[in-house]
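In order, the protein sequence lines correspond to chains A and B. In terms of the working numbering, the numbers along the first sequence are unbroken and rise by one, the last being 1780. In terms of the working numbering, the numbers along the second sequence are unbroken and rise by one, the last being 321.
Please note that a few of the clues may not be correct.
Estimated spans, in silico, between C-beta atoms of each pair [what the hints assert, rightly or not]:
id : chain 1 : residue 1 : chain 2 : residue 2 : range
1  : B       : 212       : A       : 1450      : 50 to 56 Å
2  : A       : 1563      : B       : 265       : 41 to 47 Å
3  : B       : 282       : A       : 1632      : 54 to 60 Å
4  : A       : 1681      : B       : 37        : 52 to 58 Å
5  : A       : 1694      : B       : 42        : 31 to 37 Å
6  : B       : 212       : A       : 1768      : 33 to 39 Å
7  : A       : 1521      : B       : 51        : 57 to 63 Å
8  : B       : 142       : A       : 1768      : 16 to 22 Å
9  : A       : 1779      : B       : 282       : 54 to 60 Å
Stretch-level coverage of chain A by chain B, calculated; a stretch enters the list once three of its residues show a Cβ under 8 Å from a Cβ in chain B [stated by the list, open to error]:
id : segment
10 : 1484-1492
11 : 1754-1764
In short, the hints are calculated from the structure, not lab data. As the structure is a computational prediction, the values presented were derived from the model and not from experiment. Built from N, CA and C at the ideal position, the CB exists for glycine as well.
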Amino acid sequence: MLRYIVRRILISIPLLIVGSFLVFGLVQGMGDPLGEWKLQKPRSPQEIELAYQQTGYNDPFFERYVNWAGGFVTGDWGKSVIPGSGSKDVKEEVFHGLWTTARLVIGAEVLALLIGMAIGVIGAVRQYSIFDYSATGVAFVLFSMPVFCIGLMLKSAAIPFNDFLQSLGMERWITTAGPPPGGFSGGFGHQIGQYVGTFLLPTLSLLAIQFALYSRFQRASMLDVLGQDYVRTAQAKGLSSGRVIFRHAFRNGLIPVITVFAVNFGQLIGGAVITETVFNWSGMGRLLIRSINEKEPYMVLGVVMVTAIAVVISNLIADILYAYLDPRIRLG
Amino acid sequence: MADPVTTTTAAPSATAAAGLDIAKPRKQWQVILRRFFRHRAAIGGLIIFVLLILFIFVGGAIWKYQAADLNLGRYKAPSGDHPFGTGQIGDDLFAKVIRGTGFSMQIAMVAAALNTILGVVLGSLAGYYRGWVDSAVSRLTDLVLVIPTFLIAAVLSRGTFSTEEIARGGGASNWFQVAIILGFTNWMTVSRTVRGMVLSLREKEFVEAAKALGGGPTRVIFRHILPNTMDVVIVNATICVAQAVLLESALSFVGLGVKYPDTSLGLLINENQNELIVHPWLFYFPFLFIVLISLSVNFIGDGLRDAFDPRQKRVRA
């Protein structure tokens, strides 16, 4: 087991190297990160020269990449290239974004998975029932909608709701600016209220699409499994239908859902770009978009590397789970 | 997956009752079409899709206003003269939605075609040759998953490439660029699925027979293996179309997608997202058309999947 994990991590290292090199090249292709800074106000040639020197932009491309990679491995992820007070530490920024995004994504994804699995299993067991038809219909409509539209509509619905609360003399409960920087304040009940008000809308808009997706996968794989001989054998042995569904069928029906979950989860940890943009959360996704717009090579690389590591780890966990769910699958 | 051998189904008893001695067998595609046309949701999807195509071509040709018309009166609510109302600069939203739907469809079709071709080629190579080819394709898949689509879009849309083109006064159309980006970043599901099917098909007797008769790899893959994956490929292609419509709108929403003078439904929503509360029609009509495209294509795909599945005995209502 340990050997398997170590081997999997080792074979993903070339992926990280090639990926980061390509990203480095792509950011380079966008142009000079200091271009705008130079135009902001008249700068002396010495000042410009110093700025380029500090950011390493005088070095050849390849050398700069190797320097960055060496720094990344030893924990120095670099600084944003804009000189002066605007310069920020990449590691600090990325981990701040990761903390913001992870809090949102983990909750929303786990909820989506649980709801999706429940709906998928019921839909498969009671195929062609009214429940199945309505669940299918809702799922289709939901994943035919762009995420940002669901977000924008939720946001616009929250305004009259908040107005209504205010008219009753209460606080404007639902907020759309991410978690407050200083943490939640007030008594315990008040903090819970604030927490729910902050997380409600982004969680709902992530949930809406994701649970629809999981429920479709769960339903399809359950239908597949329920038609198999060993399920009929279990039924013929006289086991209760609950036992057959949960102990025999459900376990095997989980594998496709876990695959989709792993891919989604890894990518969302790297930033729920659209949801964060709509609800003004300063997470990984918005950091990525901002850094792309500012042509910040090290910042983009920081986000991409953390995303890549998250994808690698979540796929690894998915593979370990396969072996646990279906003992015929061997790791190795 | 369809049976490799052409399946024929006994004709219904109605023909026998009509006094015919020999029931005429149906071809496989006839069976599939019959199943598809009994799938109500799929037919609904197909009708909406055809109406959307008519909306783009006929609507664009006969509608009295053009998307470029201005000063028709600002922020008019939907009425007989302007069915979808007017926007900030007095532009007719109906004309703009016709144009945007056209661009969104174009992008989705080109992107889905590219997704499907890439996915089928890479997936069948990986599944047929296995070994290092398979590893190479799956490493490539990982790589594309790791590099953010937004970054590629940003490089192509605001990098050195496009600014030079704009300076020269032209260059590749922007909608085409967006379609290519989406085409190159969303083929992974198709290739995984095709790979899995080819892995099992290559061990079948008919493939062995084709090889024994002297068929080379190209012939075996294209003439014998791939036709048996077509059902799944077609269903996946419809899913790619629906995804491309949504991805395009997401890219346009963060400002990395389609740009003026081209347009798209996503761009229309991006321009009007702050109008949602005061002038809701500016948001809801483009939104409605995105959902219509995506939903109709999803329903068609679902109907095709059910129609292709030989295990399917009951026809879904």
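Results for each hint:
| no. | hint | in the structure |
| --- | --- | --- |
| 1 | B/212 to A/1450: 50 to 56 Å | 41 Å, violated |
| 2 | A/1563 to B/265: 41 to 47 Å | 44 Å, holds |
| 3 | B/282 to A/1632: 54 to 60 Å | 32 Å, violated |
| 4 | A/1681 to B/37: 52 to 58 Å | 37 Å, violated |
| 5 | A/1694 to B/42: 31 to 37 Å | 34 Å, holds |
| 6 | B/212 to A/1768: 33 to 39 Å | 36 Å, holds |
| 7 | A/1521 to B/51: 57 to 63 Å | 58 Å, holds |
| 8 | B/142 to A/1768: 16 to 22 Å | 18 Å, holds |
| 9 | A/1779 to B/282: 54 to 60 Å | 58 Å, holds |
| 10 | 1484-1492 | violated (count 0) |
| 11 | 1754-1764 | holds (count 3) |
Hint violations for this structure: numbers 1, 3, 4 and 10, all remaining hints satisfied.
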